[in-house]
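One line per chain: the protein sequences are A and B, in this order. Per this note's numbering, the first sequence runs over residues 1 to 304. Per this note's numbering, the second sequence runs over residues 1 to 368.
FYI, nobody ran anything at the bench for these hints, they're computed from the structure. Where a beta carbon is used, it is the ideal one built from N, C-alpha and C, also for glycine. No incorrect hints appear here.
Quick list of the computed label-pair ranges, beta carbon to beta carbon:
(1) Lys77/B / Leu215/A: 21 to 29 Å
(2) Ala100/A / Ser50/B: 41 to 49 Å
(3) Phe129/A / Ala139/B: 42 to 50 Å
(4) Ala100/A / Gln134/B: 38 to 46 Å
(5) Ser50/B / Ile150/A: 57 to 65 Å
(6) Ala139/B / Trp108/A: 29 to 37 Å
(7) Pro225/A / Ala139/B: 20 to 28 Å
(8) Gln134/B / Trp130/A: 58 to 66 Å
Single-letter residue listing:
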Amino acid sequence: MASDPNQQTERHGWKWLLSTPALIVLVLAASGPLMIVIVYSFLTPGNMGGVAWEFSTDAWFRVFFRRDIFDPENVTVNQAHLAVLWRSVWLSAQTTVICAVLGFPTAWFIATRPPSQRTVWLFLITIPFWTNLLIRTFAIQEMLRNNGTINTALLWLGVINEPIPMMFTDFAVLLGMAYVFMPLMVLPLYAAMDKMDFRLVEAGYDLYASRIAVLRHVILPLVKPGFIAGSILVFIPSIGAYVTPRVLGGGQKMMLGNLIALQFGQGRNWPLGAALAMVLLIITITALVLYLRAVNRQEAKRDG
Amino acid sequence: MSEPDPTQPSEIEITGLSKTFGQGASAFTALADIDLSIRTGEFFTLLGPSGCGKTTLLRVIAGFEQPTTGSLKINGKEVAGQGPNARPVNTVFQSYALFPHMSVAQNIGFGLKMLGRPAAEVKETTAQMLKLVQMEAMADRKPSEISGGQQQRVALARALAPQPRVLLLDEPLSALDLKLRKEMQSELKRLQTETGITFVFVTHDQEEALTMSDRIAVMSGGRILQLGAPNDIYNSPAERFVADFIGDTNFLTVKVVEATDTIAQVRLPGGMLQSARLPEGMHPAAGDDVTVVIRPEQANLTEGGASPLSATVTHSVFFGTDTLVHVTLVDGTPFTLRRQNAGNPTPPAPGTQVGLTFAHGALQVIRE
Ligand SMILES: Nc1ncnc2c1ncn2[C@@H]1O[C@H](COP(=O)(O)OP(=O)(O)OP(=O)(O)O)[C@@H](O)[C@H]1O
Ligand SMILES: [Mg+2]
Chain A
1 MASDPNQQTE
11 RHGWKWLLST
21 PALIVLVLAA
31 SGPLMIVIVY
41 SFLTPGNMGG
51 VAWEFSTDAW
61 FRVFFRRDIF
71 DPENVTVNQA
81 HLAVLWRSVW
91 LSAQTTVICA
101 VLGFPTAWFI
111 ATRPPSQRTV
121 WLFLITIPFW
131 TNLLIRTFAI
141 QEMLRNNGTI
151 NTALLWLGVI
161 NEPIPMMFTD
171 FAVLLGMAYV
181 FMPLMVLPLY
191 AAMDKMDFRL
201 VEAGYDLYAS
211 RIAVLRHVIL
221 PLVKPGFIAG
231 SILVFIPSIG
241 AYVTPRVLGG
251 GQKMMLGNLI
261 ALQFGQGRNW
271 PLGAALAMVL
281 LIITITALVL
291 YLRAVNRQEA
301 KRDG
Chain B
1 MSEPDPTQPS
11 EIEITGLSKT
21 FGQGASAFTA
31 LADIDLSIRT
41 GEFFTLLGPS
51 GCGKTTLLRV
61 IAGFEQPTTG
71 SLKINGKEVA
81 GQGPNARPVN
91 TVFQSYALFP
101 HMSVAQNIGF
111 GLKMLGRPAA
121 EVKETTAQML
131 KLVQMEAMAD
141 RKPSEISGGQ
151 QQRVALARAL
161 APQPRVLLLD
171 EPLSALDLKL
181 RKEMQSELKR
191 LQTETGITFV
201 FVTHDQEEAL
211 TMSDRIAVMS
221 GGRILQLGAP
231 NDIYNSPAER
241 FVADFIGDTN
251 FLTVKVVEAT
261 DTIAQVRLPG
271 GMLQSARLPE
281 GMHPAAGDDV
291 TVVIRPEQAN
301 LTEGGASPLS
311 ATVTHSVFFG
321 TDTLVHVTLV
331 DGTPFTLRRQ
341 NAGNPTPPAP
351 GTQVGLTFAH
361 GALQVIRE
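Please model the entire structure based on the sequences and the hints provided.
Structure follows, in structure tokens:
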């Protein structure tokens, strides 16, 4: 059937209008606030918080450097900020690895149950999501405190003589984040395993592979999409985490999220907060791009 | 067809083997008391209807399932408790189960790599295997980028590459269309002869079993009903199930006149006396009613003149090279015979009175 090309374009001409609601939501919800943050990061802090409409790159400068109050010419690297940046990246990376290492056997366990039981196990995995994050974090604090559950039990058993200080350490933050974000790793991993053809595992064994070799050469490559999705889902909220480092890390073990909140709150330096938020965004995107590239390169290498 | 030498050592020795799935009320016996000896270098086929336990038996041999009772020896060594990766046995899966993330060549080399062979050897054997199954041109493709028949070849090459003592094939041709299937049948046979590896082949296609196998085990309900060379199974079925499952057959109820250990004289409807072979271990007495089977091509039709066994033609069906003529015997029993069309240009018209004669040794008594 011959169709008039003009009519065709005309037909498509108005069709895009159907996506207007989605476009509006995208512009308002995603780009709008982002624009505001970008603009704010180039303004001057207001006296009582907020911003003064005066262009300045000072906020961006202060993300990385500091001026001596008495000698403005004396510029040094802002060690405190860099430490927070580094800790955020490092703790998030560790959280992702911990979630992957513990999430894999968990997902495997669920995927190898009889189909009728799997729903129950998946349901159990999501139970922590039912309680408010803050409450759950305080529950962990309750366990880690000097006179909390763990230390009391160990003291009572006579394993230790004085409580092990666990609160306000990187360990506490890691534990909290791994606990909170674990389901975000388990669920995509489970989805990948559920799709996997278990006969491939049998084929692996049949061709003389040991258990470890089957894991490495058959299972891991097949569930890789699950690892990728899970890592992204864990890493992104980890690096911007606020509640967990605030409650379990205290003032000393701050992460980027806390630093940003500080600038918008007590610090009364909204432009600096906005610039830090942009840095967070840039780090996240860079990490994602690097990660996906590394994954693809590995793929290409194996194929070659 | 080369009958393997019975004095040859047996490759797989199965005694008193059974396999039960589940426990208590839901227990299901998939294999019951299997005794089986598969000879080195033979093309052995497990034939039977769906659900009779063929796959289960194959999985027990491969090591994916452990037998509930009984012993299983491969090359003289008891393998109970050993995993599939410790047995010199490879499987060609019905679904092929090729690794989707590896190329054709990597799939084929996988077994050798896992055995820790040097890279040079893996590469060389892979190249040989690619040549053997004529897939050299597609070595670098992924399984998703080749056709079903080609996947089938790769699965074969992958299982053959580590040079197992035994190759297990679970209905490897069932997913292919008829033409490709015929091609692969002769290809499989060629590979088996060339490599000298023992093949244990599962199918529910009787024709496939008859044309390819050195020996066939006919299974039903988790048991082996009869084991023998294709012509034995076809010409001397011991049970109604076997006779019915393999080829078209006429069943006639006849009276025994006298019987020796191997032969019985029986009286057909209409009074004709014929000798019939007896299955092993069956000793009917004179006067007993037994069932005999007669293959359609073992009966001949005579037109005109008196005959000791007369019948009436009901209808004929033309099949190109031959015609199936359906008749009823004097006592009303339906009977089918196959007549070659060469030299018999016109089939007899319905209602024609004809006589039946049988080829020598056409009658076989079966157990009910
Ligand atoms: N894991 C299992 N649990 C319970 N029952 C099983 C299991 N595997 C097989 N069975 C049962 O054992 C019987 C034999 O199954 P099997 O797969 O060996 O049949 P088959 O002869 O290969 O049939 P088909 O030609 O359809 O492939 C079937 O009734 C099946 O339901
Ligand atoms: Mg089967």
